[in-house]
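J.: Each chain, written out:
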Amino acid sequence: MKKYNFPFNGKFGNFGGKFIPETLVPAIEELEESYKKFTKDSNFKKELKEYLENYAGRPTPLYFAKNLTEYVGGAKIYLKREDLLHGGAHKTNNTLGQCLLAKKMGKKRIIAETGAGQHGVGTALASAVLGLECEIYMGLKDTERQKLNVFRMKLLGSKVHPVKSGTQTLKDAINEALRDWITNVENTYYVIGSVVGPHPYPMIVRDFQSIIGKEIKKQIRKINGTLPNAIVACVGGGSNAIGSFYPFISDQEVSLYGIEAEGSGIKTGKHSATLAAGSSGILHGMQTYLLQDKMGQISATHSISAGLDYPGVGPEHSYLKEIKRVNYKSCTDDDAIKAFVILSEKEGIIPALESAHAISYGMKLAKKMKKSEDIVITLSGRGDKDVEVVQNYLNGIRD
Amino acid sequence: MYKTNRVTKKKKNNNNNNNRIDKKFYELKRKNEKALICYVVAGFPDIMSSEHIITSLINGGADIIEIGIPFSDPIADGSTIQYAIQKSLISGTTPDMCLELASRIRKTFTNVPLIIMTYSNILYRKGYIQFAKKAKECGIDGFIIPDIPMEESKEYLNAMQNIGMSTIFLVSPNTAEKRLKMISRICTGFLYAISVYGTTGERQGFDEYTIESIKRVKKVTAAAANGLPLAVGFGISNPKHVRYMINAGADAVIIGSAIIKKIQEIENKETLLNTLNRFIYELKNSCK
Ligand SMILES: Cc1ncc(COP(=O)(O)O)c(C=O)c1O
Chain A
1 MKKYNFPFNG
11 KFGNFGGKFI
21 PETLVPAIEE
31 LEESYKKFTK
41 DSNFKKELKE
51 YLENYAGRPT
61 PLYFAKNLTE
71 YVGGAKIYLK
81 REDLLHGGAH
91 KTNNTLGQCL
101 LAKKMGKKRI
111 IAETGAGQHG
121 VGTALASAVL
131 GLECEIYMGL
141 KDTERQKLNV
151 FRMKLLGSKV
161 HPVKSGTQTL
171 KDAINEALRD
181 WITNVENTYY
191 VIGSVVGPHP
201 YPMIVRDFQS
211 IIGKEIKKQI
221 RKINGTLPNA
231 IVACVGGGSN
241 AIGSFYPFIS
251 DQEVSLYGIE
261 AEGSGIKTGK
271 HSATLAAGSS
281 GILHGMQTYL
291 LQDKMGQISA
301 THSISAGLDY
311 PGVGPEHSYL
321 KEIKRVNYKS
331 CTDDDAIKAF
341 VILSEKEGII
351 PALESAHAIS
361 YGMKLAKKMK
371 KSEDIVITLS
381 GRGDKDVEVV
391 QNYLNGIRD
Chain B
1 MYKTNRVTKK
11 KKNNNNNNNR
21 IDKKFYELKR
31 KNEKALICYV
41 VAGFPDIMSS
51 EHIITSLING
61 GADIIEIGIP
71 FSDPIADGST
81 IQYAIQKSLI
91 SGTTPDMCLE
101 LASRIRKTFT
111 NVPLIIMTYS
121 NILYRKGYIQ
131 FAKKAKECGI
141 DGFIIPDIPM
151 EESKEYLNAM
161 QNIGMSTIFL
171 VSPNTAEKRL
181 KMISRICTGF
191 LYAISVYGTT
201 GERQGFDEYT
211 IESIKRVKKV
221 TAAAANGLPL
231 AVGFGISNPK
241 HVRYMINAGA
251 DAVIIGSAII
261 KKIQEIENKE
271 TLLNTLNRFI
281 YELKNSCK
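Residue numbers (our numbering), protein chains in the order written: chain A, 1 to 399; chain B, 1 to 288.
Among the hints, a few may not be true.
Said to hold, decoys possible - Cut-off 20 Å, straight-line C-alpha distance, at most; resulting in silico cross-link-like pairs (EDC-like, lysine to aspartate or glutamate):
1) B:218 to B:33
2) B:178 to A:53
3) B:181 to A:29
4) A:141 to A:347
5) A:267 to A:215
6) B:178 to A:334
7) A:338 to A:70
8) B:178 to A:30
9) B:126 to A:251
10) B:288 to B:33
11) B:178 to A:70
12) A:217 to A:186
13) B:240 to B:270
14) A:36 to A:207
15) A:214 to A:53
16) A:11 to B:96
17) B:87 to A:293
18) A:294 to B:96
19) A:294 to B:100
20) A:11 to B:151
21) B:262 to B:100
22) B:181 to B:207
Hint data in this document are derived by calculation from the structure and do not stem from the laboratory.
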């Protein structure tokens, strides 16, 4: 593979770009310039490092899951413990980075969208610690299935706006956040929660999340002196996945697996497997794979996991699919629930439902691999927020 | 990035003569009138009603009609238009039905400029070239796509301008001078200045910055080759607003949410059509 160097002019091959209303153009340009400036600034880097380490708890452990490995009977399974990061998910890597950037840019007001509520919590806590005002948009349906996180955001001092338009999930929360940004563009910073949206967001979020992959590389080398044979991560917008993969993209010997939510199964039409079943289109400022109908209307999606319930995907993933560097697979609601229970019982770790998708596929993959091989699964978050949904599901109550 | 400019300019000159939008502005200028542009969401409340609504708008005095093709995720629109779009989609409206609507209007009104307003994915999905061709056959004169800024416009411009379709771009109160000039070079038909920071929707009044912004844009359009007309939209809902924008330098005003609101509120169709007709008549009077 030639040297991987994307985005190039704001694009990942044919994907990405900035399909945004004119009012946002100056804001996006200001963001790109500030990002370039501050990420070169040694004070900014030092301050962010301080927050990531002493406030949020980085580096997170790379844990050898001995029980799970024995249970599966294949490759050695390592878990990258983003569930132990402050806030309970990888989202904090990005929110600390972006909120600190916002502060340096002189923005006083922060807005964000959230699906599972993890990005909302991450943005709320970063805003609290940095002294910024914060408002969060969340689909009405998601506020109901992730109640715990709504309360956490409020405790952390943020306002939560339930979004009643469209499908009342993540897609519509992003629409509403974009509308707020168009209206308050002069004093507001929009913290996007995944590697989606117009350029430079997919790049910025990827860069802040790449700390996951950098640590994996260091940690696994320290354990056995080599790189892992495979890395597995779940894909909603794709931020924990790209954060895990990015430092390994040029290491061809490492297989990369991104796992999307298959909901009730692709054939049923009730799913969120964008890369598996979608087609190229334009949404939320980016050209990327989308779930859409023949006319170009965006489809309603389904997943038991609010954080994966999204009809789009980061443009870099669309590109990585096209050049076949990453294998994109999917996992159903049923399989995710099974993995959720297995990890809880075998390792005493309750994973987020999003992460359970990666655990499920990771176990299948490990089983097919040699015992001498290593597989890293990114455990993107912890599952406290999901216990009610899982309890209902196991009792036969489904939405 | 802006290599399209040169090609564009040449095309612009070729097509100016027979475009209904250019003709309309030329005609109004001679009469010393400003243009009244009316926006409707096609298929709200249903596609048959849209035909009657547009007819009553034109009979009331609308100079140009913007036909909104509903898209599931209209990020530049406020709650009124969002509501109409959602209702239209639920009732089963497709882009083809909207184009067929245009083609029926075109048979009755041969000279009224018809413009499509929608979001990029609707065009992208069918293919820019194919969409443009079909629209041309249906009597469409131009396009307004709020999520295609200059940077992403190359393919779109090529498809549109090859067949003499006007490409109307938007500018905002925060659009810098240099950028205004670049946009006015690739823009044809008229330039669409957004009055405020925000999405579409009615407003009580406007701040000083709206006036300043219109004056600033007007300087650029007045200096552009062939004098690109300047239309102002977002939030305009009564004759007072219309005068306000015209006094600031607008060559046209765009009315959207105020029309949608009436469609939403008045259930009896005959009452609705009469109300719209009178409403537009009053607004048009303020353009004279
Ligand atoms: C724990 C967890 N994992 C994964 C995701 C999916 O996001 P992404 O694909 O950007 O990592 C979310 C989103 O809410 C999440 O909360």
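J.: State for each hint whether it applies.
T.: Evaluation of the provided hints:
Between residue 218 (chain B) and residue 33 (chain B), the direct Cα distance comes to roughly 17 Å. Compliance with the 20 Å bound is thereby established for this hinted pair. For the hint pairing residue 178 (chain B) with residue 53 (chain A), the CA-to-CA distance comes to about 44 Å; that exceeds 20 Å, so the pair is violated. Our distance criterion of 20 Å between C-alpha atoms is met by residue 181 (chain B) and residue 29 (chain A), whose separation comes to about 18 Å. Proximity of residue 141 (chain A) to residue 347 (chain A) is assessed by CA-CA distance (about 31 Å); at most 20 Å being required, the pair is judged violated.
For a cut-off of 20 Å, the pair hint linking residue 267 (chain A) to residue 215 (chain A) is broken: about 38 Å separates their Cα positions. At most 20 Å may separate the alpha-carbon atoms for a hinted pair to count; residue 178 (chain B) and residue 334 (chain A) exceed this at roughly 56 Å. Proximity of residue 338 (chain A) to residue 70 (chain A) is assessed by CA-CA distance (about 17 Å); at most 20 Å being required, the pair is judged to hold. At most 20 Å may separate the alpha-carbon atoms for a hinted pair to count; residue 178 (chain B) and residue 30 (chain A) meet this at roughly 16 Å.
Pair hint residue 126 (chain B) plus residue 251 (chain A) does not hold up; C-alpha atoms about 38 Å apart against a cutoff of 20 Å. Between residue 288 (chain B) and residue 33 (chain B), the direct Cα distance comes to roughly 5 Å. Compliance with the 20 Å bound is thereby established for this hinted pair. The suggested pairing of residue 178 (chain B) with residue 70 (chain A) is violated, with an alpha-carbon distance near 65 Å, which exceeds 20 Å. Among the hinted pairs, residue 217 (chain A) with residue 186 (chain A) is inconsistent with the structure: their alpha-carbon atoms are about 40 Å apart, more than 20 Å.
With a C-alpha separation of about 27 Å, the suggested pairing of residue 240 (chain B) with residue 270 (chain B) is violated against the 20 Å cut-off. Of the pairs offered as hints, the one joining residue 36 (chain A) and residue 207 (chain A) holds, with about 12 Å between alpha carbons and a cut-off of 20 Å not exceeded. Only pairs whose Cα atoms come within 20 Å are accepted, and residue 214 (chain A) paired with residue 53 (chain A) is accepted, the gap being roughly 15 Å. With a C-alpha separation of about 31 Å, the suggested pair residue 11 (chain A) and residue 96 (chain B) falls outside the 20 Å cut-off, and the hint is violated.
Straight-line distance between C-alpha atoms of residue 87 (chain B) and residue 293 (chain A) comes to about 18 Å, which keeps the hinted pair within the 20 Å bound. A hinted pair counts as satisfied when its Cα atoms are at most 20 Å apart, and residue 294 (chain A) with residue 96 (chain B) qualifies at roughly 11 Å. Taking the CA atoms of residue 294 (chain A) and residue 100 (chain B), the gap is about 18 Å. The hint holds against a cut of 20 Å. Distance hint between residue 11 (chain A) and residue 151 (chain B) is fulfilled; the C-alpha atoms sit about 12 Å from each other, no more than 20 Å.
In summary, the hint linking residue 262 (chain B) to residue 100 (chain B) is not supported, as the alpha carbons are separated by about 24 Å, beyond the 20 Å threshold. For the hint pairing residue 181 (chain B) with residue 207 (chain B), the CA-to-CA distance comes to about 24 Å; that exceeds 20 Å, so the pair is violated.
The structure does not agree with the numbered hints 2, 4, 5, 6, 9, 11, 12, 13, 16, 21 and 22 stated previously, though it agrees with the rest.
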